[in-house]
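A.B. asks: Residue numbers (my numbering), protein chains in the order written: chain A, 1 to 145; chain B, 1 to 183.
Note that these hints are calculated values from the structure, not bench results.
Careful, some of the hints might be misleading.
Below 20 Å or equal to it, Euclidean Cα-Cα: the simulated DMTMM-like pairs (lysine to aspartate or glutamate) are [to be verified]:
id, chain 1, residue 1, chain 2, residue 2
1, B, Lys50, B, Glu12
2, A, Lys51, B, Asp34
3, B, Lys165, A, Glu27
4, B, Lys180, A, Glu27
5, B, Lys177, A, Asp36
6, A, Lys51, B, Glu12
7, B, Lys177, A, Glu27
8, B, Lys131, B, Asp28
9, A, Lys51, A, Asp39
10, B, Lys131, A, Glu27
11, A, Lys143, A, Glu129
12, A, Lys51, B, Asp38
13, A, Lys51, B, Asp28
14, A, Lys51, B, Asp9
15, B, Lys180, A, Asp36
Label-pair ranges, simulated between beta-carbon atoms [claimed, not checked]:
id, chain 1, residue 1, chain 2, residue 2, range
16, A, Gln43, B, Ser169, 26 to 34 Å
17, A, Met89, B, Val76, 53 to 61 Å
18, B, Gly149, A, Ala70, 29 to 37 Å
19, B, Ser113, A, Glu27, 28 to 36 Å
20, A, Met89, B, Gly149, 23 to 31 Å
21, A, Gly80, B, Gly158, 51 to 59 Å
22, A, Ala70, B, Ala53, 23 to 31 Å
23, A, Asp39, B, Arg135, 21 to 29 Å
Selected chain A positions facing chain B (Cβ under 10 Å, derived; list incomplete) [as the list claims (entries may be wrong)]:
id, residue
24, Glu27
25, Val30
26, Leu37
27, Asp39
28, Ala42
29, Thr46
30, Val55
31, Ala60
32, Val61
33, Asn62
34, Val95
None of these values were measured; they are calculated from a predicted model.
Ideal placement from N, C-alpha and C gives every residue a C-beta, glycine not left out.
Here is what each chain is made of, one letter per residue.
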Amino acid sequence: MSTSENNADQMNGELDRNMLEANDLTESQVAHYVVDLLDHHAQHLTAVTAKRLSVARSLAVNQVARQQTANHSGVLSWLGDQIEHHRTMSTAVVVVAMLLAFYAAQHFSSNANLENSDAFLLASDLPPEAYADKGFDTWLVSKTD
Amino acid sequence: MATAKELSDFLESIERRAFKQTAYAVRDDHAALDIVQDAMMKLAIKYADKTTAEFPMLFQRILQNTMRDYWRRQKVRNLWTTLLSSFGGSAENGDERDPLETIDVEDGSDEPSAQLVRSQTIQLVERALEKLPARQREAFILRYWEELGVAETAAVMGCSGGSVKTHCSRAVHSLAKALKNKV
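Start from the sequences and build out the full structure, keeping to the hints where you can.
C.D. replies: Below, the structure is given as structure tokens:
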């Protein structure tokens, strides 16, 4: 700060003091006078305090940078999860479709087997009840004799 | 959402005032630094998604709450210290002072008489501020130093706008009285 600025500062200080002495300062003027003093004083902190505040600020800013990076990678991982989820779901749908197809094929083939056996039994000489009848063998032997 | 650069600029613009404001309230520079650091971290962790326009009020609210937490802890700690003080001597006498702490970062004023006048006045103002009731000091600093509106100050302090005006008026009258007594 130059000497002229110092003198101006000093003159302002004197002026303020005179104004205070004259008892004609409004509430707002007193407040601003005090705030100017406080502002000026706050700019002249010790080196250690200034350094410590700077470190605190850096820590806070780094925290935000980390959060923003984490959020960014969070979006990517969410997308990855969704894709992975869709892949899993697609696989499950294919497996279920294969099981249904297998079941349907089994169902239809067993029906065809039943139809075939029925047709065989109907087309044979003896009715199926004949083989279940206990007296049939005896009757057959007597007939042969 | 504010960027890291915007947050850094905001914190840089308020850190010194925040430190002094806290130091006037807790009357301990080390504690004031811890409180300001806590408040900065809380702002960064919880409110980084807010816009920069919201930062001043949010930061002040966080700072005030962090100060209140400090006072609560101090109250409990003081109780135990009082109880246990008879068992040990004071550690303060043995503390070594860091010479850097007493060196001011460049003071632009070269004129010794101007420095003396300003230094005396600021000491007087600081003492007067420290003597103010906590709510008056809080209202004065938020309203005039942080330049918050009456409604914003009331929101930070958790009181009505009328109370803010009353606290501010009483604070200014006390400060004016202290200054007049000096001159």
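A.B. asks: State for each hint whether it applies.
C.D. replies: Against the structure, the hints:
1. Among the hinted pairs, Lys50/B with Glu12/B is consistent with the structure: their alpha-carbon atoms are about 17 Å apart, no more than 20 Å.
2. Restraint check for Lys51/A and Asp34/B: satisfied, since their Cα atoms lie roughly 13 Å apart, inside the 20 Å limit.
3. At roughly 11 Å between alpha-carbon atoms, Lys165/B and Glu27/A fall within 20 Å of each other, so this suggested pair holds.
4. About 13 Å separates the Cα atoms of Lys180/B and Glu27/A, which keeps this hinted pair within 20 Å; it holds.
5. The hinted pair formed by Lys177/B and Asp36/A meets the criterion: a straight-line CA distance of about 17 Å does not exceed 20 Å.
6. For the hint pairing Lys51/A with Glu12/B, the CA-to-CA distance comes to about 12 Å; that is within 20 Å, so the pair holds.
7. With a C-alpha separation of about 11 Å, the suggested pairing of Lys177/B with Glu27/A holds against the 20 Å cut-off.
8. Taken as a hint, the Lys131/B and Asp28/B pair is honoured in the structure, with Cα atoms around 14 Å apart against an allowance of 20 Å.
9. Pair hint Lys51/A plus Asp39/A holds up; C-alpha atoms about 18 Å apart against a cutoff of 20 Å.
10. This hinted pair checks out: Lys131/B and Glu27/A have alpha carbons roughly 19 Å apart, not beyond 20 Å.
11. Restraint check: the Cα-Cα separation between Lys143/A and Glu129/A comes to about 18 Å, which is no more than 20 Å; the hinted pair holds.
12. Straight-line distance between C-alpha atoms of Lys51/A and Asp38/B comes to about 16 Å, which keeps the hinted pair within the 20 Å bound.
13. For the proposed pair Lys51/A and Asp28/B, the alpha carbon gap of about 17 Å is at most 20 Å, so the pair holds.
14. For the suggested pair Lys51/A and Asp9/B, the alpha carbons sit about 16 Å apart, so the restraint of at most 20 Å is met.
15. For the given pair, Lys180/B sits about 17 Å from Asp36/A by alpha-carbon distance, which is consistent with the 20 Å threshold.
16. Remark: the range hint 26 to 34 Å for Gln43/A to Ser169/B is upheld by a beta-carbon distance near 28 Å.
17. For Met89/A and Val76/B, the Cβ-Cβ distance of about 56 Å falls inside the hinted range of 53 to 61 Å, so the restraint holds.
18. Taking 29 to 37 Å as the suggested C-beta distance range, the pair Gly149/B and Ala70/A conforms, at roughly 35 Å.
19. Separated by about 30 Å at the C-beta atoms, Ser113/B and Glu27/A satisfy the suggested range of 28 to 36 Å.
20. Distance hint check: the CB atoms of Met89/A and Gly149/B are about 55 Å apart, inconsistent with the given range 23 to 31 Å.
21. Taking the beta carbon of each, Gly80/A and Gly158/B are about 45 Å apart, not inside 51 to 59 Å as hinted.
22. Distance hint for Ala70/A and Ala53/B: a CB-CB separation of about 25 Å, consistent with the stated range 23 to 31 Å.
23. Range check, Asp39/A to Arg135/B: Cβ separation about 22 Å, and the 21 to 29 Å hint holds.
24. Proximity of Glu27/A to chain B holds as hinted, the smallest CB-CB distance being about 5 Å (cut-off 10 Å).
25. For the restraint placing Val30/A at the interface with chain B, the shortest Cβ-Cβ distance is roughly 4 Å, inside the 10 Å limit, so the hint holds.
26. Taking 10 Å as the C-beta contact cut-off toward chain B, the hint placing Leu37/A at the interface holds, the least distance being around 5 Å.
27. Contact between Asp39/A and chain B, as hinted, is supported at the beta carbon level, the nearest pair being about 7 Å apart and thus within 10 Å.
28. At about 4 Å, the closest approach between the beta carbon of Ala42/A and any beta carbon in chain B falls short of 10 Å, and the interface hint on this residue holds.
29. Because the beta carbon of Thr46/A sits about 5 Å from the nearest beta carbon in chain B, less than 10 Å, this interface hint is met.
30. At its closest, the beta carbon of Val55/A sits 8 Å from a beta carbon of chain B; the interface hint therefore holds under the 10 Å criterion.
31. Annotation: Ala60/A was flagged as interfacial toward chain B, and the flag holds, the nearest CB pair being 4 Å apart, inside 10 Å.
32. For the restraint placing Val61/A at the interface with chain B, the shortest Cβ-Cβ distance is roughly 5 Å, inside the 10 Å limit, so the hint holds.
33. At its closest, the beta carbon of Asn62/A sits 8 Å from a beta carbon of chain B; the interface hint therefore holds under the 10 Å criterion.
34. Because the smallest distance between the Cβ of Val95/A and any Cβ of chain B comes to about 43 Å, over 10 Å, the interface hint for this residue is violated.
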